[in-house]
Amino acid sequence: MDFIAKPEGSRNKGHYSPGVVMNNILYVSGQLPLDPVTNQVVPGDVQVQTRRSLQNVEAVLKRAGTDKRDVGLCRVYLSDIALWDQVNAVYADFFGSHMPARVVVPTRTLHFGALVEIEAMAELPVEGK
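FYI, in this note's numbering the residues of the sequence shown are 31 to 159.
It is possible that some hints are incorrect.
As the list claims (entries may be wrong) - Calculated cross-link-like contacts (lysine to any residue; reagent style SDA-like; alpha-carbon spacing at most 25 Å):
#: 1; residue 1: Lys98; residue 2: Val51
#: 2; residue 1: Lys92; residue 2: Ala119
#: 3; residue 1: Lys92; residue 2: Asp110
#: 4; residue 1: Lys92; residue 2: Ile111
#: 5; residue 1: Lys43; residue 2: Met129
#: 6; residue 1: Lys98; residue 2: Phe124
#: 7; residue 1: Lys36; residue 2: Ser47
#: 8; residue 1: Lys92; residue 2: Glu157
#: 9; residue 1: Lys36; residue 2: Met151
#: 10; residue 1: Lys92; residue 2: Ala122
#: 11; residue 1: Lys92; residue 2: Ala131
#: 12; residue 1: Lys43; residue 2: Val67
#: 13; residue 1: Lys92; residue 2: Phe125
#: 14; residue 1: Lys43; residue 2: Phe142
#: 15; residue 1: Lys98; residue 2: Val78
It is worth saying that the hints were derived from the structure and are not from the lab.
Just so we're clear, the structure is a prediction, and the values are computed from it rather than from any experiment.
Kindly generate the complete structure, drawing on both the sequences and the hints.
What follows is the structure, given as structure tokens:
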């Protein structure tokens, strides 16, 4: 098992890793729409926050040596299911023609008052394949 750390200079307050690799699968912890410099929720609507959450997922993917084309599943947590159409538009733009499996979980308040949180699972590339 390998652990994917946050970039140098940033830190987790919680007891978790941004990503864990096990059996060639990368498990990306839920990514809030936190600005990587300020560690604060980005200001803006759910589309802005969704874009930032997906960029944070992508950063973990890159640190593990993969990218969004290898994502097989995403879970999207929403503070209000009425926001789904706006989130889906940003999500579709981010993934393009790649369409991973997806779970949408309407919930109540997310940490730090965020409107969205996204986790992912991706297969790591196999050398020589």
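Going through the hints against the structure:
no., hint, in the structure
1, Lys98 with Val51, "15 Å, holds"
2, Lys92 with Ala119, "23 Å, holds"
3, Lys92 with Asp110, "30 Å, violated"
4, Lys92 with Ile111, "30 Å, violated"
5, Lys43 with Met129, "32 Å, violated"
6, Lys98 with Phe124, "9 Å, holds"
7, Lys36 with Ser47, "8 Å, holds"
8, Lys92 with Glu157, "16 Å, holds"
9, Lys36 with Met151, "17 Å, holds"
10, Lys92 with Ala122, "20 Å, holds"
11, Lys92 with Ala131, "20 Å, holds"
12, Lys43 with Val67, "15 Å, holds"
13, Lys92 with Phe125, "15 Å, holds"
14, Lys43 with Phe142, "13 Å, holds"
15, Lys98 with Val78, "19 Å, holds"
This entry does not satisfy hints 3, 4, 5, going by the numbered hints stated previously.
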